[in-house]
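There are 2 protein chains.
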Amino acid sequence: MGLSFWNELRERMGELRDLTEISSLLAWDQETFMPPGGAPHRAAQLATLQTVLHERLIHPRLGELLALADQHPSLDETQRRMVANLARERNRAVRVPRSLVQELARRQSLAVEAWRAARERRDFSLLAPHLAELVRLKREQADAIGHEGERYDALLDAYEPGMRVSRLEPLLRELGKALVPMVQAVTEAKPPPRWRYEAHRFPVERQRRFAQLLVERMGFGTAQGRLDESSHPFTCAIGSGDVRLTTRYDERNPWVGIFGAIHEAGHGLYEQNLPAEHSRDTIGVPASMGLHESQSRLWENAVGRSLSFWEGLEGELRRAFPEALDGVSIREVQASACRVSRSLIRVDADELTYNLHILVRFELELALIRGELEVQDLPAAWNEKMDAYLGVVPEDDAQGVLQDIHWAWGEFGYFPSYTLGNLYAALLYERMQAELPAMDEELRRGNLLPVRDWLVEKVHRLGHRWDAEEIVRRATGKSLETGALVRYLADRYGSLYGVALP
Amino acid sequence: MGLSFWNELRERMGELRDLTEISSLLAWDQETFMPPGGAPHRAAQLATLQTVLHERLIHPRLGELLALADQHPSLDETQRRMVANLARERNRAVRVPRSLVQELARRQSLAVEAWRAARERRDFSLLAPHLAELVRLKREQADAIGHEGERYDALLDAYEPGMRVSRLEPLLRELGKALVPMVQAVTEAKPPPRWRYEAHRFPVERQRRFAQLLVERMGFGTAQGRLDESSHPFTCAIGSGDVRLTTRYDERNPWVGIFGAIHEAGHGLYEQNLPAEHSRDTIGVPASMGLHESQSRLWENAVGRSLSFWEGLEGELRRAFPEALDGVSIREVQASACRVSRSLIRVDADELTYNLHILVRFELELALIRGELEVQDLPAAWNEKMDAYLGVVPEDDAQGVLQDIHWAWGEFGYFPSYTLGNLYAALLYERMQAELPAMDEELRRGNLLPVRDWLVEKVHRLGHRWDAEEIVRRATGKSLETGALVRYLADRYGSLYGVALP
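In order, the protein sequence lines correspond to chains C and P. Residue numbers for the first sequence follow the numbering used here, beginning at 4 and rising by one. Residue numbers for the second sequence follow the numbering used here, beginning at 4 and rising by one.
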C-alpha cells in the first residue's frame, strides 16, 4: 500500500522500536561490562533516552497519523493490529500527565534507596512512607489511564494487555486452593533419593561451557545472541538478531547456572523468533510479560526438570562434572532438580510452591491498590498469608515483605505475570505433548529442537498479532484455566514423591 | 546564575552529550561484543539516534537560547565559551541542508562498499566515480558551511577547530623538507642490534595481561574504563567515568598489542581527565582531533619507545615473555620498537617516516577539494608523491591509494590530525622534560604518573576551554612549529642509528 501517511506511521513505529532497543543495550551493558564509574552518566543517558522516547510517543503528529489510520478503509487486518497496539501504548503515555510521570520516577528512585536500607536493617518502617506514597501515585496513575472501577486493571494491562482482575483473581485463588493440599502431601512424603551436589565444587569455567552447550542445544542462535554473566540473570533483546542472555554461577550449586541459562534461553528463543517482517513495528514484539514468562518456564520446568531431558544430556553432564556425578544415577539428578520445600524466598522456590508465593503478593498488592489494606499493615498481612498458604512465617521482614524490589520499583501488577506464565506454559506443554507423540523420545535422545520448533510456530512467530490468551487459545483450543498446570504438577510430583495427588 | 534560559540551555547541552555518548556505546558494542545478527538493527538504531541528535541540534528553540545567551551581559567567560562551542557545532549543522546531509550519507555508504571491492580487486576504477561524487558533495558542503575562499578550511574545522590551510600547509611542507633527508640518512645507516621477536610466539593471554598492566601503570583508571579487543584498536568515551579502549593481539608480533594499548590509553587518559564539572556541556570535551592524537602519540612514541620507559618495565616484560627475551638486552628491545623503514602502508609506518605518509595524503586531498586534481589522476599522483617523499612506489593501488578508508567515509580534512598530533606532542614533551627534570629517572623506575599528571594539568583538565593550539601555547609558551618534532626525531634516531641528523 503506497499511502504516504502509512509510510510515515511505520517509520515512526520503527524509530520507537530503535529507541527502545537502544535502551535495552544500555541496560544490558550496565549489568555486564560497564565500569563502575559509568553509573552517573548512564543514569543521565537513560533519562534522556526516556525523554526522547516519551516525546516521540506523545507527539501530536503521531496522534494525527493514528487517527488517519483508524478511519482509513483500506487497511488490512495486520495493519489494524499494528495501529491498535501502538494506539494502546500511546494512550497510556498521553493520558498520564508529565508531572505525575516525573513524580513517579522521583518517588520510585527514593523508594528503591529506602528499600535497600530497609532490607539491610530489617526495618520495614524505613520503606513504609515511600511505599504509601507510591501506592497513592499508582492509584492516581490508574485513574489517569482509565478503568472500569477496578484500578488494578489499568496497571495490570501494562504487563498483560487485555487481562482483567475479574478474570485473574478467581483463577489464582482456584490455583491456590489446589496447590495447598498438594504441597502438604509432598512435603510430608519421604523424598526420593537425590544427587548430593553439595558435597562437590563446580568450577565456573566448566559451568560456563555446560551452560553454553545447553542454550545451543535448545536452538538459541549464537550468531544472533550471546550468553554472559550478571548478578541477576536476565534477557535483553536489542533486535531479534541480537538477543543477550545472562546467567550467574555458584561454585557450590550447579543448578543456579544451569536453570538460569535454560530459563533465560527460553525468553531468548521467543525474542529471536519473533516475526522478522515486523521487526520494526508493534506486531514484532512479545504479546505479554506472562506469555514471555511461559516460554522461560516451559523450558526451565516442564522440559528442564523432566527425566527425559536429563537422560538426553546425561553424557554431556557427566563429561562436564565427572567426579561430582560418580555413582549418581540420572534419576537422582532429576530428583535433585525437583526438590520441594516450604521456603520463605520466592526466587529460591521450587515449581510446586512457587505460585503460592505469587498468590501472597497478588492478593496484597490488589488490596493495596483497592485501598483495602494500609501499607503499615503490610508486614503482618504478609506473614499471615505466608502461614496460610505455605505454612512458614519469616523471622524478620528481610526474609518476608522486603525480599522483592518490585513494589519499590512501582511495579504493581507485575507479579501475576509469573503465575500467568506457569498457567500458559502448562496449557502449551500439554498440547505440545499431544501433538508431538515422539517428543519424549526426542528429548531422551538429546534433541530439543522439536520443542523449539513447536513454540516458534505456535507462539513466537505470531509476535503481538493477538493478545497472549488468544495466542494460547489458538495454539491449544483452551482458554486460560488452572487444570493443565494442576495436572502437570500432580503428575510429576505425585510420581517423584510416591503420593497420590488430586 | 539562576537565569532560567541558561538552565534550559545547559539541559539541552547535556542531552546532546548524552545522545553522543549513547552513539559511542553503540559503536563500541558493535566492534566488541555484538553478535553478527545485530548488524541490520544496529544500523537502524544508529540512524535513528543521528536523526534525533540532528533534530535536537538544529531545533529552533536551541537557536533562540543561543541568541539570548549571546546578548546576555552577565555571562562569564566560561559560559561564553560553552555558548561559542555549541554555536559553532550548531552552525555547521544548520547551514548544511538536510538533502545534502542525506545525499552525503548515501554516497559515503556506497563509496565504502565500492572501496572494499576496489581494494580487494586492486582496481581503483571501481571506487573512482563514487569518490568523484563525494569530492563534489564535500565541496558543496564546504560552501554551505562557509569559508573565506579556501573550501578545505570548512572541512578541516570539523576536526581541528580554528585551524586554517594558510597556517597548516607551510608547516607540513616545512616538516616534509626536514624529514626527507633524515629518513635518507637513517635508512642508509647500519641499524642497531635489535630484539628478534619474530623467532618467538606470544600467547594472547599473556599479552592481554601485559597490556592491562601497561595501561594501569599509565594511570588509566580501571574503575572508569576497560580494555577489550577489536580488529582495529580504538578508544570510545561513554562519559569520563566510562572510557573503553581496545587493542588487538598478534601472536607473532607483541608490538601490535603493546603499542595499540599504549596509544589508546593515551587517548583514554585524555577522556578520563576532562573537567568533571563540565561533563555534560561543550567545554568538557577534547579540544580537537589533533590534540587527541597528540596524547596517544606522546605516550606511544615519545614515552613508549624511549629507553627509560623500557628500563622501567624490564622486569615486567621479562616476566611476561621470559623465553622470548632470554639473552636480549633492554637496548635491543628499544631498538626493536624503533625500527625505521621506507614502507608503503601508513598504519605500519614508524614514527620517523609516518608524517611523510600524511603529507602525501594532505597534499592530495587539498588538491582534490581545491579542484586542482581530478579523481581519475589520483593513483598516479599518489605514486609520484610516495616516490618523492618516501622513495617507494606501490606495485598496485591496494598497497597505495586504496589503503585507507578515510576518503570513502568522506573524511576529507581528517588526515592532518595525525601530524598535528605529532607536532603538538613534540612541543608538549619538550616542555614536560624541561619542567620535570627527574622525569627520565622516574620512567626508569617504572613510575609513569608524573607524565600523566603533567598532561592532566596542562591539557586534559582544560577540555575545550580553548582551541588546541591555544592550549599548547599556554602549556609550552610556543605556537605550532616543526622545530620540536624535528629535534626530538633527530635526537632519538640520530643516536640510535649513529648518524648526525640536522
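Hints may be right or wrong, so weigh each one.
[To be verified] Beta-carbon label-pair distances, calculated as ranges:
| id | chain 1 | residue 1 | chain 2 | residue 2 | range |
| --- | --- | --- | --- | --- | --- |
| 1 | C | Gln215 | P | Glu92 | 52 to 62 Å |
| 2 | C | Gln53 | P | Pro39 | 21 to 31 Å |
| 3 | P | Thr81 | C | Gln74 | 53 to 63 Å |
Hints are computed from structural coordinates only; laboratory data are not their basis. All of these numbers come straight from a predicted model, not from anything done at the bench. Positions of the beta carbon are idealized from the N, C-alpha and C atoms, including for glycine.
Identify every previously stated hint that the structure contradicts and give their numbers, smallest first.
1
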